[in-house]
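Chain by chain, the residues run as shown.
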Amino acid sequence: MRRIITMTVNNRPGVLNRITGLFTKRHYNIESITVGHTEIEGISRMTFVVNVDDERTAEQIIKQLNKQIDVLKVNDITDQAIVARELALIKVAAPPAVRQEIYTLIEPFRASIVDVSKDSLVIQVTGEPEKVEALIELLRPYGIKEVARTGTTAFTRGAQKATTNQKTAFII
Amino acid sequence: MAKMKVEEQEKAKTKARMSGSLMLIEALKAEKVEVIFGYPGGAVLPLYDELYKAGVFHVLTRHEQGAIHAAEGYARISGKPGVVIATSGPGATNIVTGLTDAMMDSLPLVVFTGQVATSVIGSDAFQEADVVGITMPITKHNYQVRDISELPRIIKEAFHIATTGRPGPVLIDIPKDITTAEGEFDYDQDVHLPGYQPTTQPNHWQIRRLVEAVSQSKRPVILAGAGILHANASNELRQYAEQQNIPVIHTLLGLGGFPADHPLFLGMAGMHGTYTANMALCECDLLINIGARFDDRVTGNLKYFAPKATVAHIDIDPAEIGKNVPTKIPIVSDAKAALQELIAQQGKPADTAAWLAQLDEWKRRFPLHYEPEAGTIKPQKLIEMIYEMTNGEAIVTTDVGQHQMWAAQYYKFNRPHRWVTSGGLGTMGFGLPAAIGAQLADRSATVVSIVGDGGFQMTFQELSVIQELRLPIKIVIVNNQALGMVRQWQELFYDKRYSHSLIPNQPDFVKLAEAYGMPGLRAKTEAEAAEVLKQAFAMDGPVLLDFHVRADENVYPMVAPGKGLHEMVGVKACEESSR
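Those sequence lines, one after another, are chains A and B.
Numbering follows the numbering used here, in which position 65 of the first sequence is assigned residue number 64; successive positions increment by one, without gaps.
To convert, take the position in the second sequence, counting from 1, and add 37; that gives the numbering used here.
The shape of chain A in the complex, shown without the other chains:
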C-alpha cells in the first residue's frame, strides 16, 4: 500500500541522511522524497511516498521517524483530505509535423511548453501524480527523450471532511 507521510524536521546537517538511513536500515521502500524550507526559519518539511506491506509497517515507520531527535512532527496524511502535487519536465521528440498535435494534447492538462528546439519540446506539468503519469503515457508514442519528476509534495487541506477516517497511528 502507498502511504504519503509528511514531516517537519530541524534543518541540521545530516538530517536527510538520518531519515533515509532509517528507511534503508528497516527496509522501507521509498517511492519519492521532497524536501524544502518551511515558513519557519531552521525548519524543513519533507514529504515521503512509501510502499509498505501492511498497516503495521506504516505505523512502525511513523514511530521510528518520531524517535529521531531532529524530527519535530510526523503525519501519515494518506487517508485525509489533502493537496498532493508533483512537477514534471518532459522532453519529447517533436518534429514540426506533430507540434500542433502535441500543443492540443497537453492543453487539457494545463501543461506548458518551457523550451523549444529544432526537434524537441520541453513540457512542464504540475498536478497530482496520476495526472503527471497520464500525460507521460499520452506523450510516450511521440518519443520521450527525458523525464525529470520532483516527487510528491503534499499537505492537508484547510478543511477536513467530518467523516474523514483519520487513522490514529497510536494511542499514547
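Bear in mind the hints are in silico, worked out from the structure with no lab data behind them.
Heads up, some of the hints might be wrong.
To be verified - Once the Cα atoms are required to be at most 16 angstroms apart in a straight line, the calculated EDC-like pairs of lysine to aspartate or glutamate come out as:
no., chain 1, residue 1, chain 2, residue 2
1, B, K571, B, D332
2, B, K415, B, E563
3, B, K360, A, E54
4, B, K561, B, D589
5, B, K360, A, D52
6, B, K561, B, E410
7, B, K360, A, E127
8, A, K62, B, D354
9, B, K52, B, D298
10, B, K449, B, D298
What the hints assert, rightly or not - Take a look, some chain B residues computed to stay more than 10 angstroms from chain A by CB distance:
no., residue
11, A67
12, Q377
13, E398
14, M576
Built from N, CA and C at the ideal position, the CB exists for glycine as well.
Since chain A is already given, all that's left is putting chain B on it; use the hints.
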C-alpha cells in the same frame, strides 16, 4: 549576602571564556562524571592535555573496544552514563561494536570522538573517518560540533538524551580545532529539544483497561525485561506481582529485576529459557510485557507465540509496542510509573490459584537439568559452585555463547543490577572489559567475569587494566576449547561438521595471567574446581581461573530457530521418586 556572592561567582565561572577542551572537562564535572574510559590519539591531544592538568580519573584501556564495553558495564551497574573518549579515524571506528551493543541493550553512554580539523574535513586527511555517518544508525543521536559556540549546548543535550526516555548511546564528534578554539562556556542553559519529549507517565484509560483485563484473566503472566532495571522498578514489580498473584518471567537482560527465589518466578524465557517460563507464555490468557521488546530469541517463531493471550505492553519506547507482537493494551510509560499506577488502582486480583498450581507442577517436574559427572567439570555445575561461593551476591559479567546461557540459567539473581551481559547484539569479548566498568561502579562488590575461551581471546588485553587498577575481579574462563554455541549448532543442525569452531590451539591462560602480573589457577575436575574457587575467592586482588569443562556439553532446553516456544528440546521430566 555572602551566599548571593558565591552564587554570582559560580555563575560568572560558568560563563567564562575557555577552550573547547576545557569546556569538555567543565561539562563533565557539571555532569558529575566519576570516570572516563578512553584512549588518546592525535586528534584528541589538546583534550588529553586538559585531562592531564585537571587530574580527571581516566581509565586507559588497551583498545577502544575495551573502553566502550567498560563504559557499558559501568552504566549497567551504576545507572549513570558511561563516558568514553576515542581519537579520530581508527579510534572512532574501534568503538562501533560497543555503540551498537549499547544501542541494542539501551545503555546510556556519552561518547566523544576526536576528528580532524574542520579545515580538512572531507579531504581524506590522516586518520579521518566519517564517524557521524558511520554511527548514525547505531546511536540514539549523534553530533558533529561545527562551531565552538555550540559545544556546551551539545554536551548538555547529549547527557540529557542518553539518560532519559529509552536510554542509549550519544556520540559527539569534535574536530581538533574546536578543542583549541575559545568560546563562552554557559552550562546553565536549559535543554530545548522540541522533537524529543519522551512519554513517561501512563495513560489512565489504558491502565484501567489493563486492570480490567487482569481481573478477568485466569492465566496471566508478566514478562519483565531490562526496562524494569532502567526504571529502578524492581520493588514495584514485586509488589504488583504479589498484589495481583501474577507469575513473573524474565528476559535474559531483565534477570535480577524479580528475585529468582520468589515462588512467583518462573525463570528466563526464550531459546534457552525454562520449560515452565516458555509453556506459561504459550498457555497464558493475558501477557503483560513490562520493559521487554519481544526479541526473536525470547518469542521464538511469532506464529506460535502466546497464541491464547491478550497482550498488554508497557514500554517507554512507543516504537517497541506492536512492532513484533500485535498488542491490545499499549501503555507508553516508564515502567516504575506504570507499576505504581497499577498498584494504586488496587484492582481485583486475578483468580490464579489453578494456574499457579499448574505452573508449580511444571516447575517441579521439568526443572533445569544436567547430568552430574564428577570426573570432569560440568559447566552448569561450575556456575552453581560460583553461585554458592558468592552467596548469589556477586556482579556477574559474561561474553556471549554457551557460558552466558549457563550463567543466566544457573546463577540465581535475587537482586537487580548484578547482571551484565550483551543481549541484543551478542558481542563476544564483552565480558572482561565490562567487568572493569562494573567494578568501578561498585567498588565493594564481588565481580565475577564469566567468559568463554573464544570471547576472552578477543579482549584479554584489558587484563593490563585490571592488574594496574588492582580490581579484584575473578575471571572465570569456561574453557571448552571451542566456540561452544557455534559448535552446538553445528552438532545439531549441520550434521556435526565443526567448521572452524574448535580451537584446541590455545595459549596457556594461567601463564598468560602470570605474564600480566596476576595469579592464574587451573582446574580439570569438579574437586579441583572447588579447591581453586576457594583459593580464588580468598584472594584480595584479581585472579584468572581456567576451567577445562566438558567440551561436548550443550545448552538445554533449547528452542531451535524457527520453532515455537512449545517445541523445546532437551527437556527432561524429573522422576517423582528422586524428589
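Tell me, which hint numbers fail for this structure?
1, 7 and 9
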